[in-house]
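Make a model of the complete structure from these sequences and hints.
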Amino acid sequence: MSIKSAVAVIGAALVLGACGGTAVRLQSQYNPSAYDYSNFALYHAARDTRVEVHGNPFDMDAAAFARAVTDRMQGANMGRRTNFTTTPGNSVEKNLRVVMAFNAVSGGYDLCDGKTIETKPRKDVLALTAAWCFADRQDSMVDATVSPAQDVGDQRFAEIIQQTVLNLFPTHMDYILIQDHDDERKD
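The numbers in the numbering used here rise by one with no breaks, and the one at position 131 of the sequence shown is 155.
These are calculated hints, taken from the structure and not from any lab test. Owing to the predicted nature of the structure, the values given are computational and were not obtained by experimental measurement. Idealized CB from N, CA, C, for every residue including glycine. Keep in mind that the hints are not guaranteed to be accurate.
Unchecked claim - Beta-carbon label-pair distances, calculated as ranges: (1) Asn119 <-> Ala87: 18 to 28 angstroms; (2) Thr110 <-> Lys139: 14 to 24 angstroms; (3) Asp83 <-> Ser57: 37 to 47 angstroms; (4) Val129 <-> Leu50: 18 to 28 angstroms; (5) Arg104 <-> Lys147: 32 to 42 angstroms; (6) Asp148 <-> Ala69: 35 to 45 angstroms; (7) His196 <-> Asp83: 35 to 45 angstroms; (8) Leu190 <-> Ala58: 15 to 25 angstroms; (9) Asp85 <-> Thr140: 15 to 25 angstroms; (10) Thr111 <-> Tyr67: 15 to 25 angstroms; (11) Gly177 <-> Ser57: 34 to 44 angstroms; (12) Asp60 <-> Gln174: 33 to 43 angstroms; (13) Met102 <-> Pro56: 15 to 25 angstroms; (14) Ala86 <-> Ser130: 16 to 26 angstroms.
This is the structure in structure tokens:
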């Protein structure tokens, strides 16, 4: 196969892949100045991480759905592993939790305040809003959508969860470093 043919095949594959509708769309990501990846590493590495799951876009048992969510969260974060679970053991940090809200009616700014999270079925997309909470303070938030998944075995379901977890715990915050050190730069 010539280089020209290989480039054409790769280009066609990329176009077809983009048309498949499996791409996760990151709607927003919010990491306030309180966010620090080292806190995630300190409090969650090799420990249980409490997960609250709200909403259930599929016609299935709520506990089974929550297990499917946490199963797909495993290993999606950068750095050392944590055990994302809805039933944490003694190793859990009591004040920290991850909230995963499927098809939430309101934005992620409400996820950590302890109030009821309203969800509703959607036919146009599968939406996931996730937050990392320290007590009632939101330290990180991600809003993402993907074309509707058929069930928990659908690749789109796995991809939206894994991409959301990856973005919920970024390992570096370049924009903060640049902002904090602009005045120190010399041309």
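Evaluated hints:
Judged by the Cβ atoms, the range 18 to 28 angstroms given for Asn119 and Ala87 holds: they are separated by roughly 24 angstroms. Distance hint check for Thr110 and Lys139: the Cβ-Cβ separation is about 19 angstroms, which falls inside the suggested range of 14 to 24 angstroms. Distance hint for Asp83 and Ser57: a CB-CB separation of about 42 angstroms, consistent with the stated range 37 to 47 angstroms. Distance hint check: the CB atoms of Val129 and Leu50 are about 20 angstroms apart, consistent with the given range 18 to 28 angstroms.
Remark: the range hint 32 to 42 angstroms for Arg104 to Lys147 is upheld by a beta-carbon distance near 39 angstroms. About 38 angstroms separates the C-beta atoms of Asp148 and Ala69, a value consistent with the hinted range of 35 to 45 angstroms. Our hint of 35 to 45 angstroms for His196 and Asp83 holds, since their Cβ atoms are close to 40 angstroms apart. At about 20 angstroms, the beta-carbon gap between Leu190 and Ala58 stays in the expected band of 15 to 25 angstroms.
Asp85 and Thr140 have their C-beta atoms about 21 angstroms apart, which keeps the hinted 15 to 25 angstroms range intact. Against the hinted window of 15 to 25 angstroms, the Cβ-Cβ separation of Thr111 and Tyr67 comes to about 18 angstroms, which satisfies the hint. The beta-carbon spacing between Gly177 and Ser57, approximately 39 angstroms, falls within the hinted interval of 34 to 44 angstroms. Between Asp60 and Gln174 the Cβ separation comes to about 38 angstroms, which falls inside the hinted range of 33 to 43 angstroms.
A beta carbon spacing of about 19 angstroms between Met102 and Pro56 agrees with the range 15 to 25 angstroms that was offered as a hint. Ala86 and Ser130 have their C-beta atoms about 21 angstroms apart, which keeps the hinted 16 to 26 angstroms range intact.
Every hint, counting from the list given before, is met by this structure.
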